[in-house]
Each structure stands twice: as structure tokens, then as C-alpha cells.
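**Student:** Quick note, the sequences are listed as chains G and D, same order.
Going left to right, the first sequence walks through residues 1 to 375 as the numbering used here numbers them.
Going left to right, the second sequence walks through residues 1 to 375 as the numbering used here numbers them.
Take these hints with a grain of salt, some might be off.
Chain copies aren't distinguished; within one or between two, either way the pair holds.
As the list claims (entries may be wrong) - With a cut-off of at most 20 Å between alpha-carbon atoms, the simulated SDA-like pairs for lysine to any residue come out as follows:
| hint | residue 1 | residue 2 |
| --- | --- | --- |
| 1 | K37 | R23 |
| 2 | K184 | E129 |
| 3 | K313 | S229 |
| 4 | K107 | D238 |
Simulated from the structure, these hints should not be mistaken for lab results.
These numbers come from a predicted model, not from an experiment.
Number of protein chains: 2
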Amino acid sequence: MIYFDNGATTYPKPECVYQALDRANRNAFNSGRGSYKVARESTKLIDEVRRKIMTINDIDYANVIFTNSATSALNNLIFGIDIIEGDNIYISPFEHNSVIRPLEELKEKKNINIIIIPFLKDTWNVDIEKLKNMFALKKPKAVIISHISNVTGLILPYEIIFEESVKYKAINILDSSQGYGIVKIKDLKDINYIVFAGHKSLYGSFGIAGYIKLKQDILNKTIFGGTGSDTMNPKMLDKYPDGYEAGSPNIVAISSLKASLEWLEITRVYTHEKELTKYLIEKLKSIDKIHLYLPNDIEKILGIVSFNIDGYKSDEVGSILDDEFDICVRTGFHCSPLIHDFISSIDYGGTVRVSLGYFNTKKEIDDLINALKTL
Amino acid sequence: MIYFDNGATTYPKPECVYQALDRANRNAFNSGRGSYKVARESTKLIDEVRRKIMTINDIDYANVIFTNSATSALNNLIFGIDIIEGDNIYISPFEHNSVIRPLEELKEKKNINIIIIPFLKDTWNVDIEKLKNMFALKKPKAVIISHISNVTGLILPYEIIFEESVKYKAINILDSSQGYGIVKIKDLKDINYIVFAGHKSLYGSFGIAGYIKLKQDILNKTIFGGTGSDTMNPKMLDKYPDGYEAGSPNIVAISSLKASLEWLEITRVYTHEKELTKYLIEKLKSIDKIHLYLPNDIEKILGIVSFNIDGYKSDEVGSILDDEFDICVRTGFHCSPLIHDFISSIDYGGTVRVSLGYFNTKKEIDDLINALKTL
Numbered sequence: 001m002i003y004f005d006n007g008a009t010t011y012p013k014p015e016c017v018y019q020a021l022d023r024a025n026r027n028a029f030n031s032g033r034g035s036y037k038v039a040r041e042s043t044k045l046i047d048e049v050r051r052k053i054m055t056i057n058d059i060d061y062a063n064v065i066f067t068n069s070a071t072s073a074l075n076n077l078i079f080g081i082d083i084i085e086g087d088n089i090y091i092s093p094f095e096h097n098s099v100i101r102p103l104e105e106l107k108e109k110k111n112i113n114i115i116i117i118p119f120l121k122d123t124w125n126v127d128i129e130k131l132k133n134m135f136a137l138k139k140p141k142a143v144i145i146s147h148i149s150n151v152t153g154l155i156l157p158y159e160i161i162f163e164e165s166v167k168y169k170a171i172n173i174l175d176s177s178q179g180y181g182i183v184k185i186k187d188l189k190d191i192n193y194i195v196f197a198g199h200k201s202l203y204g205s206f207g208i209a210g211y212i213k214l215k216q217d218i219l220n221k222t223i224f225g226g227t228g229s230d231t232m233n234p235k236m237l238d239k240y241p242d243g244y245e246a247g248s249p250n251i252v253a254i255s256s257l258k259a260s261l262e263w264l265e266i267t268r269v270y271t272h273e274k275e276l277t278k279y280l281i282e283k284l285k286s287i288d289k290i291h292l293y294l295p296n297d298i299e300k301i302l303g304i305v306s307f308n309i310d311g312y313k314s315d316e317v318g319s320i321l322d323d324e325f326d327i328c329v330r331t332g333f334h335c336s337p338l339i340h341d342f343i344s345s346i347d348y349g350g351t352v353r354v355s356l357g358y359f360n361t362k363k364e365i366d367d368l369i370n371a372l373k374t375l
Numbered sequence: 001m002i003y004f005d006n007g008a009t010t011y012p013k014p015e016c017v018y019q020a021l022d023r024a025n026r027n028a029f030n031s032g033r034g035s036y037k038v039a040r041e042s043t044k045l046i047d048e049v050r051r052k053i054m055t056i057n058d059i060d061y062a063n064v065i066f067t068n069s070a071t072s073a074l075n076n077l078i079f080g081i082d083i084i085e086g087d088n089i090y091i092s093p094f095e096h097n098s099v100i101r102p103l104e105e106l107k108e109k110k111n112i113n114i115i116i117i118p119f120l121k122d123t124w125n126v127d128i129e130k131l132k133n134m135f136a137l138k139k140p141k142a143v144i145i146s147h148i149s150n151v152t153g154l155i156l157p158y159e160i161i162f163e164e165s166v167k168y169k170a171i172n173i174l175d176s177s178q179g180y181g182i183v184k185i186k187d188l189k190d191i192n193y194i195v196f197a198g199h200k201s202l203y204g205s206f207g208i209a210g211y212i213k214l215k216q217d218i219l220n221k222t223i224f225g226g227t228g229s230d231t232m233n234p235k236m237l238d239k240y241p242d243g244y245e246a247g248s249p250n251i252v253a254i255s256s257l258k259a260s261l262e263w264l265e266i267t268r269v270y271t272h273e274k275e276l277t278k279y280l281i282e283k284l285k286s287i288d289k290i291h292l293y294l295p296n297d298i299e300k301i302l303g304i305v306s307f308n309i310d311g312y313k314s315d316e317v318g319s320i321l322d323d324e325f326d327i328c329v330r331t332g333f334h335c336s337p338l339i340h341d342f343i344s345s346i347d348y349g350g351t352v353r354v355s356l357g358y359f360n361t362k363k364e365i366d367d368l369i370n371a372l373k374t375l
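Please take these sequences and the hints and turn them into a complete structure.
**Tutor:** Below, the structure written as C-alpha cells:
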């Protein structure tokens, strides 16, 4: 089997991650809840992983809050911001339903405005002059941008956008589910929150994700329950991370992040993915009937490439690759509804998405290309 | 090390669970999102585990919704019920902060009444006549009861309470975090929702829990995001489970439940825990300076026993057991604030809690007793 669905979850994980998971499962105690050594050690491990999450992106000071998934992290952030009726929330056209669906709920409940940031069709750059005018007319309360598009692999120009929105004291949220740990995030001073997904770019297991809080603004709480501390208080504490995490922490999944972060520190994942991405695009371009969804400058693309083939719906291509060649790609809309209008892929029922990981090889790409040539 | 903190998380898990976890980690694909075989197989596995969760308690028809923790399940239920200002929510004095803290938030936001169900001091039975009067005066909108108290091990008389509240069409929620899979839940016809915790009585891994929806009432949605289906729709679907789960399912943790449920089907966990509980109580009773927190009839207690020792705070006992005897118990308030007033354990800083699991032995209990005798 050739696996090209690393955008859904990276596979395989490094061997050290599997070993860490097995060890952790066989020694999984509940952190912060017992008055015995192994429970206290679990608590220490969790704090260590919080620090590693920061240092992998050269973050000196922040709060790291764990959730079970990036979706939960985005829900906690979107429902945690102090939104009032009529607020303007800006998003890019590349956003995922984990951003759009919570916002649609807020729109229904609080009549907010969801405004799509204008992107240029050829360069896939933000139309910054137009956006500046939009911000001036409709002040941004929050701006939510993907770091890397899960459909097109575009590394978004979040710095340019946040540099403007920060002037309006907007809450700037970067959804780095597809990039954290692989592509360094710059201009941290303009960002309020970064979302990460343990089982994607961080090469850890399912069940762990979270957000990094870089600034002083305070979120409303959205999850309530036992924290192993201050039990007699019927309210959640007003401090980070305790007041924003409830229930037993997933110590096993957190242990997997310890191993994967150590692996990421010494592994050239970015370089390898970059090289594979270029190779994949070059090879796909050599097939005439393939429509690639790319900006002018392919340096902006990392790890994910979407395309379609004349005469086929995207899912037909996926089925043939699976059935006849044992090649796994994802097809369809990839939980990101807005981008298909921008790239004009709706008639194909979405795109065929090849998403690369550290363990993919050029040989596997060659096999994919040979398979596609038979269509 | 002797582990008596199975109420926090059962440890160890059956060997088959560790093996299932390792296999699942090494073959973890994202379910419902890929158009290839292994992704479809993940989806099938999840449905199979949903069915097993039902059949382990002889449930014929229900919806099983997965969450990452029982805390999340309770948050989704409590914030999902259609609560209006002035509604009366009844809870037992045995409830956990995963019930109390979400309700306190609702109280602040919607001015609900949180009403404590009266329990009798000697028998620990519900004072049903008094409760009937309370229901008549203040109609119950919802009733939330623990199946087994995480502090005292009491199997609560939920059937008697729900039989009354159902007459008022109350939403009846049973928090079976400490019992599901071990103690059969009866009178399902009166229950709307049952909460389960994968890593506790179900002997699975961290990161998986959920609720079973037994009746027709519809919850408001509380989590929004990608579901791998109907991407172009900005709203969550109006069906179960799709509309109530968002983000990548934790296929690894779900795989552990498949193994643990198969193990539970053929293992006499209840019988063993019952026998150990009786043995533990009998031995603890033989030590004069120990105050046990028990009802008249100890047949009502399963798996968890709380006590204190004259002249010691509960956490002092825990530290000595850990430091000098390598015995792990939990001490303090156990995230359940109300019960300590009922059993009068506040002056001790909570209780020393011994919580038993299938892998505990009488020999370990003897070692605990010998350690306690030195105090």
C-alpha cells in the first residue's frame, strides 16, 4: 500500500512514537489526581511536553492548553472569544469546517458577520489593499487563518494579514493543524492563538491537540469539570492551563508527543517534504489531462497537492487508485467548503488530494504517476 | 507497587488491550475521510464498537456518541439539553465536578436551580417521599445521577429516582463512568442518557468515552466541525451520531474498546470486585482507629471504599502509604465536593480512597492492612 493521506493523519509515525505509546499504555496513570509518585510523574511529563510544544517553534513564553483534537481547540477558541452581536470575524477562503461550522453557529446565535478575506486568483496572495479597506469599514474582532491549506498545500500569508488586523486589536488565530512543528511560524507578536494537531504535522497519536496562547487576552471558559485541584470550588479556576482543561488528561497521547517532538527536533521533515512536493508537482505537470490547483509560484506549496483529471469525478480517480493500484489518496471536498469555488473544483466533486509525509519516497510518487497515466 | 487507584483509571489493562493498542497505533488511519479500503475499515470498526457498547448492557436500540472523555460527554449533555431560565435540575449529593461545574455555569448564565436529592444518613437510600414532594413543588427538567459514587463506591438507587422523575418527563442522565460494563444498568426505559468512560470500568485506553442516547429527545449541538460528510453544508447534520461528533475520531482508543469489551464479555469482573470489596471492608473494620464511610448495608458498595484514620489528614495517610509501602491510593476530595458534607469528611481534607480493579488481589489488600496497622 502507498499512503498519500498524510493530511488526514500522518502515517506511519516514527518507530520511537509507537514504542513510546506502548510504554505509556502499559504505564498509564492518571495525572494530577493521585498522591503517589507515578501520578506526580505523569504531571511532570505533561508540563515537559507543554514546554517542548513551545520550544519547537522558538516560543519563549506562552500557555499551552491541551484538547483532544484541533476541532475541539478551535471550538474552545471560537466560543471562548468575547463575541457580541454584529462582530466581524474574518476568515480565509481556505478554512476548514472546524472553523466555518462553529462560526455559522455563532452567526445564528449572535448575528455575527463572517467575512471572507479576498485572495487573488493567479498568485493566491491576499489582496491586501482591498483587505485594508474592508478592515477600515468593518473592524475585525477576530481573524482566523490556516497556516497551510489542507486542500491545496498553500502556506498562507498570515503574517501580512495579522500585521494589519493587529492594528484593530483583533484576536488573531492561526490554525496550524497542517504545519505546526514542520514549518516555523514567524511574527509571533501579532498572533494570539496557534492551534496544533498532534496526529498530523506533529507525528504523534490521535487524541491530543491544543492551542498555544501567546497574548494576555482571556477566553471565556467552554469546558467544565474536574481538574484534580480546588475540588470544593464549584467554578473552574481563573488560571491557565487548569481553568481551561477538564477531565483526565490523555497521558498516553501526550507521551507520544514527547517522543515525536524529540524526533522532529533532529529530523529534516521540512526539507524532505519540500523536495517531494516539488517532485510531485513536476511529475503531475507532465501529464496533459491533469488540472493542477496551484498558484503561480509553487514555492508557496508544501506537502499537499490537489488536482483533477479530465472526464473523471475526483472520487472516481480515488477509487481506481485504491482498487487497482493500492494507492491511498483522499478525494472530495476535504471538509473545506469555500476553497472549491475559488479554485473551481466543484464540478469535479472536489479534488484528488495527494498529501505527503516524511516517510513517502520519490519511488512512490513515480508509482502514482504511472497509475495516473493509465487513466 | 500496589495500585489501588482504579477509580481514577483502571490499571493494568488486560494484555489484549495493550496488544490491540499497539496494533491500532501501527495501523491508524483516519476514518470516514479517505476513499480507500483501510479508511473504510476504520469506519466499520467504529460502528462495531458502538454496537458492542450497547450489547454489553443488553441495549437493543440506541445511538452511541463518542467523546474524548466522560467530562466532555457530560458537558455535551448538560449544555445540549434545552434549558430555560428557572429550570430545576436535580442531582445526587454524590455527583462529580464534571456535573456540578457545568451546572454552576448554567446557573450563572440561565439562572437555573440546582437541587440536591435528599439521601438518608444511615441507609444512604434516597428519601423518596421527600423527593416526590420536591418534584411536585419544583418540577424536574433534568435529573443527573451517578451510577456508582467515585468516593464511596455506593451503587446509587437511580431506578427509584428516575421512576419518579420520568413522570414529569424529566431528562434522566446516568453517569456510569465508574460502572458501565461491570454492573448491569436496569430499567433502561426510564433513562435518556448513559455516560461511559473508556479508561475506567471499561478497561480501555484514555481518550475515549461517550454517551448512549436511549430516547427520542433531541439535544442542541455543542461541537461543530468536519465530519467527513456533507462538507458543503455549513451546518452540522441533524442526525446521530454524525451531527454530534466532529473532528477525527480516535480510532486507536476505539480499537482498545473493541478488545476490552470482548474481554469484559468473558471475564467475571463484577464477581471478583464484589468479593474483594467485601474482603477489604471486613479487614478495614478490624482496625479500630479507622473511620469507614459506609451505609448500613455494605451490599450496596462496589469497588471503592473511603476511610480516614484518627489523627491524620487523608493526604498524610496517602503519602505514608506511597513513601513507605509503595501503595497507591487517592486522597482528598476526589473532584466530588458535595459528598464530604454528607459523610462528614471535610475536617480530614477528604478521604483516603481505595479503588479496586480486576487485577487486585487479597494479598495486596493484606499488605495495605498491614501498612495501615503501623499508623
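**Student:** Now tell me if each hint is right for this structure.
**Tutor:** Results of checking the hints against the structure:
1. K37 with R23: Answer is within; shortest intra-copy Cα gap is 17 Å, inter-copy 30 Å.
2. K184 with E129: Close neither inside one copy (26 Å) nor across copies (65 Å); limit 20 Å.
3. K313 with S229: Classified as between; 17 Å across copies, 54 Å inside a copy.
4. K107 with D238: between (28 Å within a copy, 18 Å between copies)
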